[in-house]
Every structure is written in structure tokens, then in C-alpha cells.
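Trainee: Here the structure of chain A is known, so what remains is to put chain B in place on it, guided by the hints.
For the protein sequence lines, the chains are A and B, in the order given.
Be aware that the first sequence starts at 331, since it is given in my numbering, and climbs by one per residue.
Be aware that the second sequence starts at 9, since it is given in my numbering, and climbs by one per residue.
Among the clues, some could well be false.
As the list claims (entries may be wrong) - Calculated lysine to any residue pairs in the SDA-like style (CA-CA distance at most 20 Å, straight line):
1. Lys443/A - Ala39/B
2. Lys443/A - Ser119/B
3. Lys443/A - Glu172/B
4. Lys443/A - His89/B
5. Lys443/A - Thr71/B
6. Lys443/A - Pro38/B
7. Lys443/A - Ala43/B
8. Lys443/A - Gly36/B
9. Lys443/A - Ala96/B
10. Lys381/A - Ser119/B
11. Lys381/A - Ala43/B
12. Lys443/A - Arg114/B
13. Lys381/A - Ser121/B
14. Lys443/A - Pro45/B
15. Lys443/A - Glu76/B
16. Lys443/A - Asp47/B
17. Lys443/A - Val40/B
18. Lys443/A - Arg42/B
Simulated from the structure, these hints should not be mistaken for laboratory data.
Chain by chain, the residues:
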Amino acid sequence: MTPTAVRPAADGIRASGLLEVPAFWVVTALLAVGAGRMAQVAGRFVEAYPKATVTAVVLFALLAVPFWVVVSELDFLEREPTELLVVAFAWGAVVATSVSIPASAALEDLIAKLWSPHLAADWGAALAGPAVEEIAKTLGVVAIVLIARAQVNSVLDGVVYGAMVGLGFQIVENIVFAVGNVALAGQGDHLQPVIETFLLRGFLSGVWSHTLFSALAGAGIGYLVLHRDRTAGHRIGVAALAVLGAWASHMLWNSPLLSDGLGNGPLALLGVLLLKGLPPLLLILWLVRHVHDREADFYVGQLATLRDPELITAGELAVLGSGARRAAARRHAGAQAGRRARIAVRRLQRAQARLAVELSRGRDGTTGHRADEIRRQRDLMVLLGHADGVAGPRSWQHTAWTVLSTVVAIAVLWVALSALGGA
Amino acid sequence: MARTTRRQLTNLLGALGVVATLAALAFGLPAVDRALPNDRAVSAMDPYLVGAAVTVIPPPGATLDVSETRPGDDQGTVLFHLGSVRYAIAVRPFAGDLENAATRLRQRITSTSGYQVTGGQLAVNTAAGLAGIQGGYTAPGRGGRYAVFVTGGLTIEVTISGGELDLGRALPLIDRSTRTLRHDGRQQ
Chain A
331 MTPTAVRPAA
341 DGIRASGLLE
351 VPAFWVVTAL
361 LAVGAGRMAQ
371 VAGRFVEAYP
381 KATVTAVVLF
391 ALLAVPFWVV
401 VSELDFLERE
411 PTELLVVAFA
421 WGAVVATSVS
431 IPASAALEDL
441 IAKLWSPHLA
451 ADWGAALAGP
461 AVEEIAKTLG
471 VVAIVLIARA
481 QVNSVLDGVV
491 YGAMVGLGFQ
501 IVENIVFAVG
511 NVALAGQGDH
521 LQPVIETFLL
531 RGFLSGVWSH
541 TLFSALAGAG
551 IGYLVLHRDR
561 TAGHRIGVAA
571 LAVLGAWASH
581 MLWNSPLLSD
591 GLGNGPLALL
601 GVLLLKGLPP
611 LLLILWLVRH
621 VHDREADFYV
631 GQLATLRDPE
641 LITAGELAVL
651 GSGARRAAAR
661 RHAGAQAGRR
671 ARIAVRRLQR
681 AQARLAVELS
691 RGRDGTTGHR
701 ADEIRRQRDL
711 MVLLGHADGV
721 AGPRSWQHTA
731 WTVLSTVVAI
741 AVLWVALSAL
751 GGA
Chain B
9 MARTTRRQLT
19 NLLGALGVVA
29 TLAALAFGLP
39 AVDRALPNDR
49 AVSAMDPYLV
59 GAAVTVIPPP
69 GATLDVSETR
79 PGDDQGTVLF
89 HLGSVRYAIA
99 VRPFAGDLEN
109 AATRLRQRIT
119 STSGYQVTGG
129 QLAVNTAAGL
139 AGIQGGYTAP
149 GRGGRYAVFV
159 TGGLTIEVTI
169 SGGELDLGRA
179 LPLIDRSTRT
189 LRHDGRQQ
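Excised from the complex, chain A in its bound form (with noise of 0.2 Å):
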């Protein structure tokens, strides 16, 4: 028997049902707790440096935007509420870093005692911070299964929710971080470390982070929820790898493992960065595929059932699973028949999409408002002269505008590589 991809929820969230769930009290109460101790250091910090410490807000919250967009389209077929995105994004930014900072310098003084100092400075942050941490976030996954359980209807969900968490966890730690690092270089409110933090850990090592990490985390905790197939042996066993696979990860990222071992220069220092946070990268990566394939095999799958080509033709099943085949089909809209057909190829996906969570909680799809939303940018793209949203051709811009962006992505690294010492 294949495996469950895709348990369909009942329905969306309702305010009202959330009231009646105890954990929705609990959690709220956690947040409140955690907002309240975060708040103590953050005053604490714009009394002493209030210059350093507005600019690492803002420059950390404007990387949090392009992590948000990317996290949240993940799930493009069947979107996660913003209410429970914002729950997760708050459990790691309030909750897990308020019990993490005296966690983690406990653990590492623990590490002190009971081996030695040495041990506890060389491997302290690899040991102390990514046990405590990844177990902090990981609380976050299960705090959002207890408030919604319905809405983590797929691994992929749970990808979605724990990389929400790492990135709340991941833009708090690095605000600490940079204003800890204006306050130990002793020369009063000054930007230069904020800066540097940023280039380091916010540009250099943002991608390899939290956010990856718990990803991982919520991947497991997934599987756990979905799979009531499988035996809870065995479900728990997959969730305890995949956290346990989650604190590897940034174990080794935190690990003085090839410290000084490639020697010095930006191309020795981003060979560092690369053999430390490729490996991760590319194996969480690959299982975000695979079950983002699995999620959007089931969805389009229930639109294939239609047999309209109105609603969607046999090209449009071919793209609707894939952002980039989506996207290339925009592009083709707008390069055959300007903006205005690429802004409905968007639409059309949009509605096409919740047609297909629709018809996976059993509603007649061929009716109602989702479909008629569909009807509507069809008629509309069929009189643009742009009938069917498929995927064209690779254009020459689109190869160019490629080739440039990764010129200059591979510019700028370079320029924060050389900045930070490599050169």
C-alpha cells in the first residue's frame, strides 16, 4: 500500500475552535511569558547601545521578509494560515530563545564541570547549544500540532511550521548576538559589529541555519502526525532521526571542526562554509523536494480527476506542481500576451490550487466560487489570446537574467568573504 502523501483537513482554522483547544491557552500563555523576557533584554540592550540595536533589528528583520516569502510558498498547493505561520515564527523568535539562552550557558557550564574548561571552549556551542535548541524548537512543531492538528496534514507542513520556527529562533539569536558583539568590542554604540554579524551570520551562514535545521525537525514531527498507517514505533523512531539528524546538522555547523584547517583567504574560509553546510543543505533540500513532489503528485492529482479542461487543462497539470514550471508558465503568459495575462496565469494557479484542497475534503469541485474564480481568469486569459497557462520555452532574458544574478550573487559573497578576514 503507497503511504499517505496527504491527510486532508476538515476545513481552515476558526477563532472559535481554537478557543475550546486548552493548548491554544497554553501556548498563548508561553508566548506571552517568553514575549515578556525577550522584552527585558531587548530594553536592556537599546538602553545601553539604542543606535546598534535598531539597526540589527532592521537589517535582520528585512532578511526575515525574503526567508518568510520563500518558506511560505513552499507549500504553494495548500497554504498554511498566516495565524499558525505567525505562532510558529513567534515560538522560536520569543519562546525557544528565552529558555535556550539560560539552557544552553547552563549545559555548557555543566560540560565545564563535569569534563573540563577545555572541553567546554572548544566544544561547548557544538554540544550544549544544539541540544538544548533543537529540542526548544522542535516544541514549537508539536505546540502547533496540538493547537491545529488538522492543519499538518503532510510532511511537507511540518517542514513548513519547523522552518518557520528556526527562523523566528534564527533572527532573535542573531540580534543578541550582534548587539553582544557591539558590547564586547568596548567601543560604545557602534555599528561595525552589527554589521559584520549581519555579513556573517545573517548573509554567510543564514541559509545553513535555524531555519534549515528545524525544517528537518518538523519534517519528522510531520511524519509522525500523518502516518497513524505506520506503527507508533515506528512513527516516533522517524520523528527521533529526524530531530536527531537536526542537532547533527548544526552540531557539525557549530563544531571547531576544520576551524583553522584550509588556511587563510576568502576561498579557504568559503570552503569551510561549503564542507560544513553543504552537506545538510543538500540532504534537507532533497527531502524538501521529495516531499514537496509527494504533496503536489496528490493535489494535481485530484484536479486530473476533473477531466474539464476549463478548469485545468492537461499543460496546466503538467506545471501546477512545480514553482518553477508555475513561474515559467507566467512568464510565458507575460511574454505572449503581456502583464496582464501573466497577472491571471497567476490567478488562475492561485484558484486551481484551492479547488484542489477543495476537492481533497470531498467538496464537488466542478462548482462554487473556486471554480467560477477559475472560469473567470480563463475567460479572461482566453481573451488576452493566452488560453492555456503552460510553460514556454526557456527565453534568451530569462538565461541572462540567471547567468547575471549569479554573477553578481557570487560578487557579493566574495566582497562579505573578503570583509570578514578571508583575504
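Mentor: Only chain B this time, still in chain A's reference frame:
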């Protein structure tokens, strides 16, 4: 009044499990940490590695506080206790000169509420030839001394604090210890 369903009870137990785990991390680990002693005996005969190949011979009768001691390859900290007196040494990579290092340390001291730098600064030298600057500061109910050295791309910051009476007794021993600071490494 609405009855509590079995589903709600299970949900509440799950949520309390989350709270218990968080509490174990946030309060349990620090409690276990506090329950174990920080201080270890340390030899006053042998050089102790502070970090980044910087060593110091601890004062006689001092104990090592392992919770604030982290001897790393390119930086490090050590904290000794002599009764109630704290004797801390921190080694970090540093690109500036001695004046800059002293200014930086003074700013860090005075950034703590109630801490003030007192008097002027004096030159200080170690037996291994490290040249530094030393001075004093006060904190509520405590007195303090600081010294700073720059060598081989590193700054070595020494801070000593304690009650005035204890500090007066411990300072000669600590001064002798500070003069044993040595950097045996290459340029960082």
C-alpha cells in the same frame, strides 16, 4: 457548564508535557548547574593556559572557577577566586594598539551601571616583557583594578574585583601573578 471532553484532556496533557520539557530546560538545567560547585583547585606552581597560547601562574591559594573559564585556541578566559576576590583574565584577537585596548576595556567597565574608573593609569610590565597599562575602578560596595596588554594580535585584559579589605590583602599576590603573563604563540 460545558463538559471537558477526553480529546480536550489529552490535548491539555500534551500541552503540559511541552511546558514541563521547557521548564526542565529553562529551570532544571540551571538548577543542576548551580548545585555543582564551580571551584577547582589549581596549582600555583605551573603556568595555566588562558587561551591563544597565553599563560599565567595562578596566585597561591586561588581556586579556578570552571564556569567562567574557557581556554580556546584563538581566545580564552579564566577566572580565579581568592576568597571573595575575582581575578579574571580574557584573551581576544585585537588589531589596535595598547591605548585603544585600554580605552576599550575602560568603556566596557563603565558601561555597567554604577561602575566608575578612578585615578590615572600606570605602566606595567610582565616578567616576559609584555608592556601594559593598569588602573583602578569602583563599583557599589566593591573596588577593582584592571590591566591590559597587547601582544601578537591579541589583547590580554585583566580585571580584579572584591571588597576593599579582601582586595587589599589579595592584590600583592595577584600583582605577582599578573607579572607572570606570557604569550608563547605566533602572531594571531
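Trainee: Hint by hint, where does the structure go against what was stated? Just the numbers, ascending.
Mentor: Violated: hints 2, 3, 11, 12.
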